[in-house]
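Undergrad: So you can see what is in the structure, the chains are spelled out below.
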Amino acid sequence: MYFFDPHIHMAARTTDDFETMAKAGCVVVGEPAFWMGYDRSGVDSFRDYFRQLTEWEPQRAANHGIRHYCWMGINAKEAENVEFAREVIALLPEFLTRPSVLGIGEIGLHKNTPNEVTTLLELIELGMKTDEQLLFHTPHLEDKYLGTRMILDILRADSRIDRTRVCVDHCEEHTIRPVLDEGYWAGITLYPTSKATPQRAADMVEIYGAERILVNSSADWGPSDPMAVPALMFEMRRRGHAESLIQQLVYDNPLKFFSQSRNFQFTPPE
Amino acid sequence: MPIAPAASDVFDREFLGVRARLIDIAATLDRIDRAGGLPDDNPRLDQIRRSARLLATDAPDRAAQIQMLFSLPYRDDWQKAR
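As they're listed, the protein sequences go chains X and B.
Heads up, the final residue of the first sequence is numbered 270 in our numbering, and it's a clean run with no missing numbers.
Heads up, the final residue of the second sequence is numbered 82 in our numbering, and it's a clean run with no missing numbers.
Chain X on its own, in the form it takes in the complex:
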């Protein structure tokens, strides 16, 4: 079965990972701009990173038959310095028109500070001006519930938001229900320690169904697994779920979500 990994940070992964994923059936990856493990020293570091995501990574993926799409943004962890964030936001319009860019992301909150909220509001404002899809990062661990609720409050207060074009990512057991109830796509990230295991993700699918759920590895420079989506597929099969349900989760859903981006051009494999 073919699958998408709709949220993975290939810039932090090796070419061997592309090969392994391709052999397992991966046909599309979505790479949000994120924190590379260190704070960047200036806006030009972001410019180079955005070039990497829009020029180099698509080529590296294509060498393995994988289509690479990306999201542009400044992550919440580097959003605390509002003036610096504004310099990065000013860079975004020239990249949002590039052919492999799906929208603005991953943006959101990290420690749920007022400055993070200020930067987030300015990123949403840009997204509304240029009619972008939005991908939201929700915070880690003890900050997740509060941050997720704050993001939902912010989105609810903006009548311009088309909820069908928004994914609120890194949902877990205590945050997935409000995200789905309010009409957004809910991302479930499969991480070995924080976030969800394949088993817990399968539990959430059994409880809430597969509608508007995106599953991803979010594999990056830390402990993570670029084969996490196939691990979930295996867990679903082990439990006896239908292939059609698994395909909905790992292929049909991300295809539907990505297809709402003006830049998404994808011919399914024969």
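Hints were generated in silico from the structure; no laboratory data involved.
As the structure is a prediction and not an experimental result, all values here were calculated from the model.
Quick reminder that beta carbons are idealized off the backbone N, C-alpha and C, glycines included.
Don't take every hint at face value.
Stated by the list, open to error - Which stretches of chain X does chain B cover? Using the computed rule of at least three CB atoms under 8 Å from a CB of chain B, they are:
| # | stretch |
| --- | --- |
| 1 | 12-26 |
| 2 | 135-145 |
As the list claims (entries may be wrong) - From chain X, some residues computed to sit far from chain B (all C-beta separations above 12 Å):
| # | residue |
| --- | --- |
| 3 | Arg47 |
| 4 | His64 |
| 5 | Arg238 |
Got chain X; can you put chain B on it based on the hints?
TA: Chain B only, in chain X's frame:
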């Protein structure tokens, strides 16, 4: 969902894994004690103890409830603090 396995089948499949994880938690707490232990009012130890108590209940959403034990509280007037 098309699948409705018997609870006993799920239990049989998961039993050894649950057993192993519980022993691992117990061994970790023993290790902390051997290292001198923590004060009873340690807030994170309290979170773990409350989680363990939740495990012993029949609540249908124990995973979500344990997540909430480890979460900062949300107030719907947070924007006033900005």
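Undergrad: Does the no-contact call for X:Arg47 survive, Cβ to all of chain B over 12 Å?
TA: holds, 30 Å
Undergrad: Closest CB-CB distance from X:Arg238 to chain B, is it above 12 Å?
TA: violated, 9 Å
Undergrad: Count the residues of the stretch 12-26 of chain X whose Cβ falls closer than 8 Å to any Cβ of chain B, and tell me whether that reaches three.
TA: violated (count 0)
Undergrad: For X:His64, is the shortest CB-to-CB distance to chain B above 12 Å, so the non-interface label stands?
TA: Holds, because the least Cβ-Cβ distance between X:His64 and chain B comes to about 34 Å, which exceeds 12 Å.
Undergrad: Count the residues of the stretch 135-145 of chain X whose Cβ falls closer than 8 Å to any Cβ of chain B, and tell me whether that reaches three.
TA: Since three or more residues must qualify, the claim that chain B covers the stretch 135-145 of chain X holds, with 5 doing so at under 8 Å.
Of the numbered hints listed earlier, those contradicted by the structure are 1, 5.
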